[in-house]
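Asker: For the sequence shown, position 203 (counting from the first letter as 1) is numbered 203 according to UniProt numbering, and the numbering increases by one without interruption.
Keep in mind that the hints were calculated from the coordinates and are not lab data. If you're wondering where the values come from, they're calculated on a predicted model, not measured in any experiment. A few of these clues could be false.
Said to hold, decoys possible - Label-pair restraints from in silico Cβ distances: (1) 275 to 37: 35 to 41 angstroms; (2) 184 to 119: 20 to 26 angstroms; (3) 196 to 22: 18 to 24 angstroms; (4) 69 to 202: 16 to 22 angstroms; (5) 73 to 212: 34 to 40 angstroms; (6) 95 to 187: 21 to 27 angstroms.
For every residue, glycine included, the Cβ atom is placed at its ideal position computed from N, Cα and C.
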Amino acid sequence: MSGGEDLWPSVLPPALSHSELALFQHLVEAEAGIHLSSAKNALVANRLSRRLRELGLPSFAAYHAYVTARGNEAEKVRMLDSLCTHETSFFREPRHFDLLREHVFPEWAAQAAQGRRPRSIRVWSAGCSTGEEPYSLAMELLEAFPKGSGWSLEVVATDLSTWAVKRAEEGLWSMERARSIPPVLLRKYMLKGVRTQEGLMTAGPELRHFMRFARANLHAPATWPMGPFDIIFCRNVLIYFGPEARARVIQGLLSRLPETGYFFLGHAESLIGITTAARSVSANVYTPRPGPALPSRE
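Please model the complete structure; the sequences and the hints are all you need to start from.
Answerer: In structure tokens:
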């Protein structure tokens with residue numbers, strides 16, 4: 001074997017020992033609240049091995065030392081980006097959007113007509129991935145409260161991954177992703193790419209107008225967007241958290257909702273045994289129980 005030969009073939013990541021995995025388990029849980037089980041050994045090795053090669057580091061232990069060295073915060077963010085999961089789709093878990101369309105939005109419209117609530121709605125997509133969820137919410141909002149109706153709308157989309165947030169803000173996807181968008185909404189709010197963007201679609205200006213994007217770490221409330229919100233979607237995110245971190249995040253998210261707000265979890269998630277500060281109104285959908293008043297929006 002010659003000295004210049006690549007010791008790490010591109011198809012095979014270097015081995016990740018149990019002790020090295022433990023280093024990243026502790027680091028990721030401390031930084032982001034995410035629990036990496038021992039079953040994630042291959043996933044961690046695959047997702048981090050490319051960075052080891054780029055930096056010329058001999059082992060995962062050496063990469064851990066590099067990531068945690070003073071002044072290497074940017075690399076720590078890059079590491080977390082690598083370990084994030086980005087599975088999503090437009091109108092994922094359709095019954096949640098049905099609930100908004102058929103019950104929540106008509107209820108709020110009636111309340112506003114009676115002077116019982118302001119004509120404004122703020123939504124937070126916490127764990128927005130590449131943007132399909134917040135743009136789905138934006139389409140439903142515009143259908144219920146179109147431009148010129150006198151309503152102020154805002155969708156704030158955040159994710160731990162800087163890469164995902166950038167992709168979401170670009171609002172550009174393969175046309176294959178259009179299959180889960182109702183045809184009437186697809187024609188109304190999405191633009192078909194041409195020339196260099198052939199085969200792609202992009203969000204139209206009506207949607208982009210009231211969208212806001214930022215990186216936020218759910219394990220670090222100081223990075224969260226300012227509340228309160230009328231709706232918070234935090235679906236299929238907290239399943240990756242350890243029990244204590246999950247409970248803390250849920251309490252924090254609920255505190256950013258008024259009593260009339262709605263909190264949406266993923267299909268495999270529940271608040272049972274975690275908190276009594278919310279009551280179930282539908283499968284995986286909750287509203288805060290009465291408590292201290294939230295600060296005014298003013």
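Asker: So the hint says 18 to 24 angstroms: do the beta-carbon atoms of residue 196 and residue 22 match that?
Answerer: violated (46 angstroms)
Asker: Is the distance from the Cβ of residue 69 to the Cβ of residue 202 consistent with 16 to 22 angstroms?
Answerer: violated (40 angstroms)
Asker: Is it true that the C-beta distance of residue 275 to residue 37 lies inside 35 to 41 angstroms, as the hint says?
Answerer: For residue 275 and residue 37 the Cβ distance comes to about 24 angstroms; the hint is violated.
Asker: Range hint 20 to 26 angstroms: satisfied by the CB atoms of residue 184 and residue 119?
Answerer: holds (25 angstroms)
Asker: Would you say the C-beta atoms of residue 95 and residue 187 sit inside 21 to 27 angstroms of each other?
Answerer: Hint holds: Cβ distance 24 angstroms, inside 21 to 27 angstroms.
Asker: Indicate whether the distance between the beta carbons of residue 73 and residue 212 respects the range 34 to 40 angstroms.
Answerer: For residue 212 against residue 73, whose Cβ atoms are near 24 angstroms apart, the range 34 to 40 angstroms is violated.
Hint compliance for this structure: hints 1, 3, 4 and 5 are not met, and every other hint is.
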